[in-house]
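J.: Residue numbering for the sequence shown follows my numbering, beginning at 1 and increasing consecutively.
Derived from the structure by calculation, the hints contain no laboratory data.
No experiment lies behind these values; they were computed from the predicted model shown.
Heads up, a few of these hints could be off.
Quick list of in silico lysine-lysine cross-link-like pairs, PhoX-like style, CA-CA up to 25 Å [said to hold, decoys possible]: (1) Lys117 <-> Lys190; (2) Lys514 <-> Lys231; (3) Lys403 <-> Lys284; (4) Lys184 <-> Lys231; (5) Lys154 <-> Lys117; (6) Lys228 <-> Lys403; (7) Lys177 <-> Lys228.
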Amino acid sequence: MKKNYIILALICLITGLNSCKKDFEEVNTNPVLALSSDPVYLFSNAQLNTALPAYYYQPEIVQQITTPSTGVLEGGNHNVYFDANSNIVFNYLFKGPTGGQSGGPVVLLIAAIEQTKNNPLRTNLYNMERILKAYEFMLLVDTYGDVPYSEAGKGYLEGINLPKYDNQQDIYDDILKELDEATKALDATKPIEAADLFYKGNIAQWKKLGNSLLLRAAMRFTKVDAAKAQKYVAIAVAGGLMQSNDDNAFIQFNSTFNNPTGSWFQATERGNIYLGAPFVNYLKATSDPRLNVISVKYANPASPLATVGAENTNPADQQGMPFGYNESTMASAPGFPGRSGAGYLYSQVNRRTLGKIDIPEFFVTYSQTTLLLAEAVQRGWATGTVSTLYAAGVKAHMDQLAKYDATATISPAAQNAYFVASPFDPTKALEQINTQYWVSSFLNGNEAWANFRRSGFPVLTPNPYPNADPAVKGGFIRRLQYPLREQSVNSANYTAAITHNGPDNMATRIFWDK
Numbered sequence: 001m002k003k004n005y006i007i008l009a010l011i012c013l014i015t016g017l018n019s020c021k022k023d024f025e026e027v028n029t030n031p032v033l034a035l036s037s038d039p040v041y042l043f044s045n046a047q048l049n050t051a052l053p054a055y056y057y058q059p060e061i062v063q064q065i066t067t068p069s070t071g072v073l074e075g076g077n078h079n080v081y082f083d084a085n086s087n088i089v090f091n092y093l094f095k096g097p098t099g100g101q102s103g104g105p106v107v108l109l110i111a112a113i114e115q116t117k118n119n120p121l122r123t124n125l126y127n128m129e130r131i132l133k134a135y136e137f138m139l140l141v142d143t144y145g146d147v148p149y150s151e152a153g154k155g156y157l158e159g160i161n162l163p164k165y166d167n168q169q170d171i172y173d174d175i176l177k178e179l180d181e182a183t184k185a186l187d188a189t190k191p192i193e194a195a196d197l198f199y200k201g202n203i204a205q206w207k208k209l210g211n212s213l214l215l216r217a218a219m220r221f222t223k224v225d226a227a228k229a230q231k232y233v234a235i236a237v238a239g240g241l242m243q244s245n246d247d248n249a250f251i252q253f254n255s256t257f258n259n260p261t262g263s264w265f266q267a268t269e270r271g272n273i274y275l276g277a278p279f280v281n282y283l284k285a286t287s288d289p290r291l292n293v294i295s296v297k298y299a300n301p302a303s304p305l306a307t308v309g310a311e312n313t314n315p316a317d318q319q320g321m322p323f324g325y326n327e328s329t330m331a332s333a334p335g336f337p338g339r340s341g342a343g344y345l346y347s348q349v350n351r352r353t354l355g356k357i358d359i360p361e362f363f364v365t366y367s368q369t370t371l372l373l374a375e376a377v378q379r380g381w382a383t384g385t386v387s388t389l390y391a392a393g394v395k396a397h398m399d400q401l402a403k404y405d406a407t408a409t410i411s412p413a414a415q416n417a418y419f420v421a422s423p424f425d426p427t428k429a430l431e432q433i434n435t436q437y438w439v440s441s442f443l444n445g446n447e448a449w450a451n452f453r454r455s456g457f458p459v460l461t462p463n464p465y466p467n468a469d470p471a472v473k474g475g476f477i478r479r480l481q482y483p484l485r486e487q488s489v490n491s492a493n494y495t496a497a498i499t500h501n502g503p504d505n506m507a508t509r510i511f512w513d514k
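Please put together the full structure from these sequences, using the hints given.
T.: Laid out in structure tokens, this is it:
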């Protein structure tokens, strides 16, 4: 009897298994989960997450923004190394804002490229992905030097979780090739990608972005390979550069999706963030109308806007915070204006204009592109009139400010008055062009810092902070250090990188910064 029960039980079990097997795929498929994703959404997510909270080093190194605070806010303000702030570009671009499984822009783009590279119906998306990937790796190389490139982002695709670091100059050579090829391959007769956050897939504008980014990459070589710089400048110019602010590549944030930098100005650290004295002093000395919309002195600088008190935007009253001090020594700075509560009475970024939470994030602009073209013409690498291009580049940035807020609009009359007060001087062409590039790149700290290292302008006095890192004390930070995590997790490749790159400190120069 017992044996019969066992046989019956086995029959029922086998029958049940066969029944389950018949519908296994259906019942084990989540009816609301997408089995595959459209690569354009990987691409647009990469665009959005390229807006980095890169404000602890880059704008402070070029002395546009600073804080006196030690501790978690330290970095370029005191020329010291602090891993949590130094690793941001590396971690955000590779791992994403949360370090989650979805990955950062690099991982998203490499996955999207894999999905589109052999699809003739997505050829435009494929080439847009290549252009944006080139932008991401310019940021990475400009910040750290050698970085993972040929094996980057292939953990999911090929199981490469500890990627090797590639030679930084080899990466840049490939960036030039990729920008050249991808831009030329864009085709307006092929399907358009409307989910693109920059231009809604407009191919003419993508071509101008690709060529303008190629111009930027080419100009990085001015000190190390003038022939290569000239070659790719010619290719970029022939292909067609940005022609107006309508061609600017940017992400427009809103009240739901906040700009990381704008949020920083408005959040709890607002009483610790100030405009740098060199930046304010330059705008004051040149009677620049941009100071009026960028800068403000608040009666209660640490308070939210609702209780900030009087807001003084008079250019004559603006006073940037000097470098070389911390919260314990700031009161000893010459001309110290005093404190109000938890804040200092120095000038800050105006939180009603360029300091809003929904400000746009600009990546490549007509102003920057035109100023680079002016330099290329000055060097004899392109044709045109330097003074005309210079003026167009400066005016473009003045007009661009209205995109932050309508109250930041600078009138044509104010613009013209500026050029009368501060005319272009052909004998100082490179200095004026690149100093204006510094102003034009305000809130785009990565690019302001890169061009400062490349060009040597503006002329700034090294940060005199007495407790600066010995490697850069008395000078400027030339690169950021690799994340500490790379030293322990990817140690063999990290060691190989610094063997080629040079010491992993902030004084080691990027290959184009010689």
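J.: Need the list of violated hint numbers for this structure, in ascending order.
T.: Those not satisfied come down to hint 6.
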